[in-house]
Structure formats: C-alpha cells, structure tokens
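Please dock the two separately framed chains into a single complex, following the hints provided.
Top to bottom, those sequences are chains A and B.
Position one of the first sequence corresponds to residue 2 (the working numbering), numbered consecutively onward.
Position one of the second sequence corresponds to residue 130 (the working numbering), numbered consecutively onward.
These are calculated hints, taken from the structure and not from any lab test.
It should be emphasised that the depicted structure is a prediction, and the values quoted were computed from it without experimental measurement.
Wrong hints could be hidden among the right ones.
Once the Cα atoms are required to be at most 25 Å apart in a straight line, the calculated DSS-like pairs of lysine-lysine come out as [unchecked claim]: (1) A/Lys26 <-> B/Lys287; (2) A/Lys221 <-> B/Lys333; (3) B/Lys249 <-> A/Lys18; (4) B/Lys338 <-> A/Lys26; (5) B/Lys317 <-> B/Lys333; (6) A/Lys17 <-> B/Lys200; (7) A/Lys18 <-> A/Lys221; (8) A/Lys221 <-> B/Lys287; (9) A/Lys17 <-> B/Lys338; (10) A/Lys18 <-> B/Lys287; (11) A/Lys18 <-> B/Lys338; (12) B/Lys184 <-> B/Lys200; (13) B/Lys189 <-> B/Lys145; (14) B/Lys317 <-> A/Lys26; (15) B/Lys200 <-> A/Lys221; (16) A/Lys289 <-> A/Lys275; (17) A/Lys18 <-> B/Lys333; (18) A/Lys17 <-> B/Lys249; (19) A/Lys275 <-> A/Lys44; (20) B/Lys145 <-> B/Lys184; (21) B/Lys287 <-> A/Lys17; (22) B/Lys333 <-> A/Lys17; (23) B/Lys333 <-> A/Lys26; (24) A/Lys44 <-> A/Lys289; (25) B/Lys262 <-> B/Lys186.
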Amino acid sequence: MEQRLANTWHMTINEKKFIESALSKNIRVDGRSPVDYRQLTIKFGREDGSSEVQLGETHVIGLVSGQIVQPYRDRPNEGTLAIFTEFSPMADPAFEPGRPGEFAIELGRLIDRGLRESRAVDMESLCIVAGKSVWAIRVDLHILDNGGNLIDTANIAALAALLTYRKPECTLGGENGQDVVVHDPEVREPLPLIIHHMPVAVTFAFFNEGDAMVIDPTHKEEAIMGGRMTATLNSNGDVCAVQKAGGDGVSLSVITHCLRLAALKAVDITSKIKNAVDSYNTARALRKVKRHNALVAPDITVPDSVMKGNQIGQLAEHQAQKFKEESTKTFDTETVVGIPKETVLFNKKNINFIRKDSDSFIGGPSNWDPYSQSIPPTFVRSSQIFPGSSTVDHKKEARTMLIESNSEETKSNNASSGLSRTSSMSQQRTTPKSLKDAVKPKSERKNRPSPASAAN
Amino acid sequence: MEVETSSSSTASLVDKAVVPGDIVLDLTSMSDQTIRLGAGLRQYSDVLSVVKAGKLKFKKPNKYWVESSQKRYAPSVEDTVLGIVVDARADNFLVDIKGPTLAFLPVLAFEGGTRRNIPKFEIGTLLYVRVVKANSCMNPELSCTDASGKAAEFGSLKEGYMFDTSTGLARMLLSSPTCPILEALGRKLSYEIAVGLNGRVWQKILVEKLMQRVQG
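The following block holds chain B by itself, in its conformation from the complex (with noise of 0.2 Å):
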C-alpha cells in the first residue's frame, strides 16, 4: 500500500500505544511522499488511521505498522512461522499455523524439489516454513525456501517440544539484540531453538552436549 504523503506529526505516535481510531497521519498537507503501511493500519481518504489496538512502530524510511499481541494469529508476507502438517494433498500439504484458515505449502517448494522427490510428512510433522502470500480471503501459500530458493534452515523439526505462547512473546524472544531469556538458558545448557511469529516455539535441548558439559 503506498500513499503519496510525508511524515510530520506522526513522531509523536510512534512507540506509543494506539487504539482503533487514532488516527496516525493526515496526509493532506503531504504529498509527493511514498508510506508504507503494515499491519493495523489503513487509510480513510485522507488520513491514515489505527484499525487494531497496539503499539505503532515505525522503521526508516518510510514503513508504519502496529504490533498486537494476542493468541491468534495474523498471517502476513515474508513472516517466518511454525506450521504442523494436517494432510497432504496432490498438490500442496495443508498446514495449520494458528491462522483463521489453513496454508497451503505446495510440495515443490523446497529447495531441489521436482516431481520426483516430494517429501513424505506425516501428519502432525513440525514445519518451520515463510509466509509468501497472504490475503484475507484466500488461504495463505507457505514455502520451505527463503527468496532465494536456498533451504535456509527451512523444513521439519524433528525431536525436542513444541509449545504455544502469544504473538509478542514470539516477538520478544526475536528481537535483537539477543533476548536475554535466550542467552540465559544458553549459559546453563546448550540447546536449539525456533520461534514462530505465530506464537508457536520449538525447543530441543542437546543432551550430548550437555551430559559433555556436566562431566568435563
């Protein structure tokens, strides 16, 4: 979405916390100015207003969004998520990551992937997968490779435990510099972790390294 404005007023909202109504930007005294809205916000003919309660961020050079925290969860592009396989079909496997609808991920979506060698995912299989596309009246469509096409870390995650947690604590734990949490644990034991935006976080602890840990 871009809108030909600048930005004046709107420094006083960023960071802060907004609610459905506020009304972030009035674009008629900018023009010859390009924003970009994220999620929660939308524009009403000339003003650019708050349509999801939460904290308004803004990153140069010109994107606004706002973050919510809650259990549900929004589903939006290039977003890095944790799905688990609900079935398999001909063409896509369907995927559920605590959306409104399921996702598809198309069985060629991987890196290498031909006809000829698609994975086998049982159902219930932990995928770490990338949002590509999402509206909200079609289900979202997921691949197994960043944009390049490389694998990048992407695909199943086999052993450790999958637990559940709300939006902003997903965020939280990404955020950088490193979660303090993380480094944390990381001192006391060594272990993998991967965090969906959707609020869905996998963990497995290296019990080799830590049993060498303990004895050496």
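Only chain A is shown next, with the shape it has when bound in the complex (with noise of 0.2 Å):
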C-alpha cells in the first residue's frame, strides 16, 4: 500500500489553491480560454480503421475490426457494434492492469451511447444474410497518456477509425447461395462503413461549487474539479447523448448555456476530423495504384486538393471506372491554369515515363487501361519548358501532342484517348519535392521521339 502510495501522482494544496482562484477569475493555468480546446492532432495507421488522436498531451488509439456473427435474435437484421476500453498503466500510475475501473467502464458507455442511440452507424448495412451472418464490428480504445479529458479523445479516436475502416465485400455463394464468401481485399476492395453522423462528445467541468466551468480539463484540472458533464453532439446541433455523473449540482441555466457551447465545438471538430479522414483516405487510394515490379516509384505524397478522384488509372476495372465517372464530373470546368515549371503528373503511368531509368519501358503497369486518363510524356515535357504560358496553348499543344503520340509506338502503351480530359488534367499540379526529382531534365532522356522540339 506504501508502495502504491510512492507510486501515485500527489496534488499540493498550493496547486487546488492556485488553480481554483485562478479559474474564479477566468485564467487557466495553461493560459487558455475556459472555453478553449486543446491542439488536436489526429493520425492513422496503415492498416484501415486504426486512428491515433492527440488531445494537448492525452494520447488514445483507436482500431476497429469486424467479425462474421450470428445476429441477436429479436434483431435478425442488424449488426452489431461494440466498444471495449484499455486503461493501460503506462497512462496513469492510478490505472492498475487487469479488470476495467469505474471509469474505464463509464468511458466506454458514453462512447458506446453517443454511437449507438443515436444511430450513427448504420446497421442493417451490417447485415449479410437476415438471420444467420451479420457483421459484428469492434471498435478498441486504448489510452496511451492521460493528460486530462479522456472521454473526448477517445470519442475522436473512435469516430476517426470507424471513418477509415474498410469492411472486407462479401457475396453469396456455394452450391445453395448461401455461404458467405468473404473476398480478399486484394482482389475486390473493401467498403467503408455507412456512418450517417458524427456524435462528438464535449466535456465540461464544473468548479468553485458550480460557479466556474472550463471545456477540455487537463489532468490537474481534473484532480480538483467538482463535477463533470459530457454532451454529445453532431454538427447539426442534435443532441445525442447528456452525461453528468454525480458532482456539484449545477442550475439548469448553466446546462443550457453548456449545451450551446458543445454544439459549436461539436462544429469545429466534426471538420477537423473530417479534413483528416479526407486526407487519408487520398493517401490510401494513392497506395492502391498498382505499379510495374521493373519500376520503382517514389514514395509521393500528395495534398489532399489535387488528389480528389483523378489519376488513379490502373486499379481493377471497376475501380478505374468509377475515378473516371468522378474526374468526368470535376474536369468539365475548363479552366485551366498556367502550369508553373515545377508542376509535375502524379499519375502513376506516367511516372514511368519520366523516371530517370525508364529508358526501356518495357511495360506499363500491369492492368493496362485503354481508357484510363493518362497524359503522354510529349505533355508532361512541354509542360515544363513552358511555365506559366496560357491555357489555351497548354490545350492546343495537349492535342497536337497527343495526336502525334497516337501515331508513334509508344513502349509504354498508355496512349490517352481522352483528349479534354488529359489537357483538364493539368490544372491542380502541384509538385511534392520528391517527383520533381524523379523527372529527368530533357536532355537526358534518349528514348523520346521529338514532337517536343516541335512544340520548342
């Protein structure tokens, strides 16, 4: 018990002292604003589905997983969602290993609440065979440091992976139509879950008997607050969950007020976790390209604005068509800008082409698409050596390029056919360092054909 004693963290009465007159006056010892969060950083992983979510120092990760069950049977047609929480001791010296504690416990309800009742997820997508396979998901939280406010962290995290998470497709099949068969996600890809809202929790904390309130305690505001409320919201002011366990009373007029300030933080959050999810989700869909072996491509990063639905030619033909309906739609606007010289394709193909050892080209990638939206070399080479020049010479010099290219034996078989297309294609370049370096100037490429000195 001793030992326990020496191990736990002590508050001074020095420190309650300070911070409780500090905060009757308004101030908080981090400097913040009482109604002020924290710098929120939210990460993802690698695998689908997993999330880390920094909160000032509060750290939590989230995973989500899925599982083929049966239903409950008062509910055939519907899956199943379930959080469980993982206080580690590395978090907290309070947070012993073993059985969840109290709050353990109380955490995961309200995350559980805030998703459930307010039907956030949707579950009937869940269901594969009415009856007998539905799909059971399970979303893991586990916290890595307690700086104060666990319950909002982890609401992120748990609402960031279950936006990442892709559930493997599954169809019907066997000899009766009726075994489940669960697909490789290398071979068909996986679907994300159908999530109808984001229920973001916001937490306050009640201090000096109800008088003074912070949003987003830290872990010695914790130590020494009254009470605690949680409001659970979305982004269109519903409230989908209250929790207020026990504490200082407060009036119903501070509730109010709270309710108000949640749901304008609720706002503010949703498109921050909204940007991220974006962003990833870019990220991910840039992994999925498939590539030549022959070739190595660099590893690109690409912002979140030019990425949006183009460039990804040489994915599975379902997938190809797909980009290609969405670049359809975004590529009608004409307007393309002067493309300034370090402005380079991302598309994959392409990259083969201007690569520094692509001199051979011995084959593209390995799901050729005729009809995938490629922009020849001739195009990406004069982009270069006019920087800044008008659009309409960039069009006109797309498709006397692109005619030429037709003509000629291109090795590395990705001739375009989708003339607006291409030359739309080069609005929104901008460049990561590192394709730049990938292209070789053009007097080092042997192999080309000249239509480009035509264009000089």
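In structure tokens, the structure reads:
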C-alpha cells in the first residue's frame, strides 16, 4: 500500500488553491480561455480503421475490426457494434492492469451510447444474410497517456477509426447460394461503413460549487474539479447524449449554456475529423495504385486538393470506371491555369515515363486500361518547358502532341484517348519535391521521340 | 566511504561527462589518502569507477561525485527537498519526495517539538525538508530542522504554486553565484522561491509588493 502511495501522483493544496482562484478570475493555468480546446492531432495507421488522436497531452489509439457472427435473435437483420476500452497503466499511475475500473466502464458506456442511440453507424447495412450472418464491429480504444479529458479524445479516436475502417466485401456463393464468401481485400476493394452523422463528445468541468466552468480539462484541473458533464452532439446541433454522473450540482441555465457551447465545438471538431479522414483516404487511394515490378516508384505524398478522384488509372476495371465517372464531373470546367515550371504529373503510369531509369519502357503497369486518363510524356515535357504559358496554348499543344503520340509506337502502352480530360488534368498541379527529382531533364532523356522539339 | 589513495590522473575527468564503466581513479598507485565518494561512484577493488552517467565533480579537499539530471530523484543525505504529505501516522508523517519510496518525517523533528505540539499537516501539504538518512534499503528519513536543531525556514509552504523540473535544473537554480533567471525575475517581480533538489520548485509572487511597485 505504501508502494502504491509512493508511485501515485499527489496534488498539493497550494496547486489546488492556485487553480481555483485563477478560475474564479477566468484564467487557466495553461493560458487557454475557459472554452478553448487544446491542440487536436488526428493521425492514422497503415491499416484501415486505426486512428491515433492527441488532444494536448492526452493520447488515445482507436482500432476497429470486424467479424462475421450470428445476429441477436430479436434483431436478425442488424449488425452489432461494441466498444472496448483499455486503460494502460503507462497512461497514468492510477490505472491498474486487469479489470477495468469504474471510470473505464463509464467511458466505454458514454461512447457507446453516443454512437448507438443516435444511430450514427448504420446497422442494417452490416447484415449479410438475415438471421444468419451479420458483421460484428468492434472498436478498441487504448489509452496511452492521460493528460485529462479522456472522454473527448477517445470519442474522436473512435469516430476517426470508424470512418476509415473498410470491411471486406462479401457475396453469397456456394452450392445453395447461402454460403458467405468473404473476398480478399486485394481481389475486391473493401467497403467503408455507413456513418450517418458524427456524434462528438464535449466535456465540461465545474469548479467552485458550479461557479466556474471549463471545457476540455487538463489532468490537474480534473483532479480538483467539483463535477463533470459530457454532452455528445453532432454538427447539426442534435443532442445525442448527455452525461453527468454525480459531482456538484449545477443550475439549468448553466446546462443550457453548456449545450449551446457544445454545439459550436461539435461543428469545429467534426470539420477537423473530416479533413483528417479525407486526406487519409486520398493517401490510401494513392497507395492502391498498382505498379509494374520493374519500376520502383518514389514514395509520393500528395496534397488533398489535387488528388480528389483523379489519376488513379491502374486499378481493377470497376475502380477505374468509378474514378473516371468522378473525374468527368470535376474536370468539365476548363479552367486550366498556367502550369508553373515545377508542376509534374501524379499519374503513376506517367511517372514510368519520366523516371531516370525508364529508358526501356518495357511495359506499363500490369493492368493496362486503354481508356485511362493519362497524359503522354510529351505533354509533360512541354508543360515543363513553358512555365506559365496560357491555357489555350496548353490545350492546343496537348491535342497536337496527343495526336502525334497516338501515331507513334509508345512502348509504354499508355496512349491516352481522353483529350479533354488530359488537358484539364493539367490543372491543380502542385509538386511534392520527390516527383520533381524523379523527373529527368529533357536533355537526359534518350528514347523519347521529339514532338517536344516542335513545341520548342 | 573512505578509500586510502591519492589523486593523480583524475584531473582530466573532473567536470567532464562520464559514463558507467569509466575509471576515475586508479588506486594502486595511491596510499594514505582519504577520498570521499558521493553519488554515482563506486570502488571496485583497486579502481574507482563510475556507475551513473553524468558529469564528474570534485570539491576540495577530497570529495568526488557524479552529477546527472533526470526526473526521478535519488535521496541522499543533507539534501534539501520539497515533499508532499501523503499520510499522517502516529509517530511520523509519510512524505513523497519523488524518490523510489516514501520518506518518513518524525513528528518530533521540528524546532521545539514535543508530544504536545505536534503540527497538523493535511494531506497535500507542501513541506521544505532536509534529508537526514538515505539508504537504498530503507525509507529515507527527513527533518524540519537544520543540523543544530533550529527551524531555519524548514516547514510547510503556504500559498504560491509548485511545479516539477528535472534535478539538473533545480541544481542550476541553486547554484552560486545566483542564477541569472532568478535575478531577472527579481527585477520585475517580488517573489519567494523554494527549490528542492528533488526537482520541485515552489514560488510565490508577493502581490502586495508588486502593486506597490506598480503604483509607486
């Protein structure tokens, strides 16, 4: 018992009085205003459905996994969702390994209620065969560091993980058509979950018998708070859950004030989560592009705006079609801006052209799609030679070069047929440094035919 | 710890960074000398070697020790530290001094302390105390008096704010001549400060004096 006392963190009376008197003047020890959140960072792992969220010093990892199980008898056509929390002792000396403590259970219950009661996750889409096989989604939340306000951080981690999780596609097969066939992610692209809205938890801490209130308490503030309330809202302002377990009493006006504040914070946090998930999805789509083994592509990190729905030519047929449809939507606007000198293509196929060791062009990527949206290398070269040239010229050059390239024997078998698409592909080019380095200067390229000289 | 040796080649390593395994003194060539070893040094038959990484320090006439900076504190005798009262027992208080174990502060270890006027410290009281006994096998013992039995500013610290630092920073704040940070702060504010060698610093800004300065 003494050893445990020696290892726990102790709060001094001096600190307690200091924080309380500062709060009575609306000052917080770390300099925030009482309604400010700490800095939020959302990162993702390599696997789908793994998120890492940091809110100030608090650090939580969320992992989503799925399993096919039998449904509950009273809900034969709905999947299940379960939240598990793991309070690692490395997060806080007060956390003990083994059975979850009271707060661990409360945290799990809170996040579960926010997701389930508000029907944020669509359960019926998780059904495979009614009454026999449904998806059981399991969310594991690992607390790595307790810097205060675990509830909000864990909730964001759960949301981010659920938004990026992909469940394998299943079809019914077998002799009687009743067997569930789960397709490998390499064969069929896994599907994201259907999430209708994002319930965001906002935690308030009360001090001085309900006189002072702060949002997102730190570890020290949590140690001396009188009471805590968590409101889970979505960006539409719908209240999904409210939890106030004991502690100091607060008046109704304070509660309504808190709910209004929570609505504002929910909008803010929802947009942050959405941005993070979007950039993850685009990076993921990039990774999915299949490359020819002979050529090693540089690792490319691409800014979001460029990557939305374009330049993913090398996927399986249905994916290429899907993206083509998207791209035609986005590229109908012919606002091709002048391409600065350093802009380079992202299309993986064309990187094959412009790489230093790509002299031989033995083959393009393994799935050759004759209708994919690629720009021939000649266009790329010209775009580099004419920095800032007008849009009209680019289009013309693109067309001439395309015609020329179509007539030549491109060893790389990437002749493009979509003229308008390719010209408009030139918009929104920004270059990660790695691609520019990958581009060979014109003088060094050997095997290229010289329609570019005409452009010179 | 006293060893009969003489100092010869150690001048090279004093005030330099040393790592465990470095040999500070070769004792075979020395005799009839007393050397005092502080923290981080150990005698292995006839060599003095370092067991803790840090900077080797020497104080005349014959004291050597290794200074290192970390978050955890290793209690050693005659250190002045800041402790937090964790529990009150019949004959001593349990005080946390950021060491591996809790320390005991006898209820009588105060100036003029008798069984009748035992101080009442709440749990969470911050104390400025002196380490009297420190062995690796026992809980350290503390005292709120100096060696001669006087109070000498030891005891509980009221108001103000406490924060944690590394042991190295605490030592720097206590170095002489006065640390420049403290002087610069003193030019702007009037304050009281207590620095514990266990990496705890307590500070209180004297607001009244500050208001006087601002108005005057």
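Hints, one by one, checked against the model:
Taking the CA atoms of A/Lys26 and B/Lys287, the gap is near 21 Å; set against the 25 Å cutoff, the hint holds. Of the supplied pair hints, the one linking A/Lys221 and B/Lys333 holds, its CA atoms being roughly 19 Å apart against a limit of 25 Å. Taking the CA atoms of B/Lys249 and A/Lys18, the gap is about 19 Å. The hint holds against a cut of 25 Å. Restraint check for B/Lys338 and A/Lys26: the C-alpha separation of about 21 Å stays at or below 25 Å, so the hint holds.
Note on B/Lys317 and B/Lys333: the hinted pairing holds, with a Cα-Cα distance of about 14 Å set against a maximum of 25 Å. The suggested pairing of A/Lys17 with B/Lys200 holds, with an alpha-carbon distance near 22 Å, which does not exceed 25 Å. A distance of roughly 12 Å separates the Cα atoms of A/Lys18 and A/Lys221; the hinted pair therefore holds under the 25 Å criterion. Between A/Lys221 and B/Lys287 the alpha-carbon distance is near 19 Å, which keeps this suggested pair within the 25 Å criterion.
Restraint check: the Cα-Cα separation between A/Lys17 and B/Lys338 comes to about 24 Å, which is no more than 25 Å; the hinted pair holds. At most 25 Å may separate the alpha-carbon atoms for a hinted pair to count; A/Lys18 and B/Lys287 meet this at roughly 10 Å. The suggested pairing of A/Lys18 with B/Lys338 holds, with an alpha-carbon distance near 21 Å, which does not exceed 25 Å. Distance hint between B/Lys184 and B/Lys200 is fulfilled; the C-alpha atoms sit about 16 Å from each other, no more than 25 Å.
Proposed proximity of B/Lys189 and B/Lys145 is supported: the alpha carbons are some 17 Å apart, at most 25 Å. For the hint pairing B/Lys317 with A/Lys26, the CA-to-CA distance comes to about 23 Å; that is within 25 Å, so the pair holds. For the hint pairing B/Lys200 with A/Lys221, the CA-to-CA distance comes to about 19 Å; that is within 25 Å, so the pair holds. Under the criterion of a C-alpha separation no larger than 25 Å, the hint pairing A/Lys289 with A/Lys275 is consistent with the structure, at around 21 Å.
Pair hint A/Lys18 plus B/Lys333 holds up; C-alpha atoms about 12 Å apart against a cutoff of 25 Å. For a cut-off of 25 Å, the pair hint linking A/Lys17 to B/Lys249 stands: about 19 Å separates their Cα positions. A C-alpha spacing of about 12 Å is found between A/Lys275 and A/Lys44, which places the hinted pair at or below 25 Å, so the restraint holds. Distance restraint check for B/Lys145 and B/Lys184: the Cα-Cα separation of roughly 5 Å lies within the 25 Å cut-off, and the hinted pair is therefore satisfied.
Taken as a hint, the B/Lys287 and A/Lys17 pair is honoured in the structure, with Cα atoms around 12 Å apart against an allowance of 25 Å. As the CA atoms of B/Lys333 and A/Lys17 are separated by approximately 14 Å, the hinted pair is consistent with the 25 Å bound. A hinted pair counts as satisfied when its Cα atoms are at most 25 Å apart, and B/Lys333 with A/Lys26 qualifies at roughly 18 Å. Our distance criterion of 25 Å between C-alpha atoms is met by A/Lys44 and A/Lys289, whose separation comes to about 19 Å.
Taking the CA atoms of B/Lys262 and B/Lys186, the gap is near 22 Å; set against the 25 Å cutoff, the hint holds.
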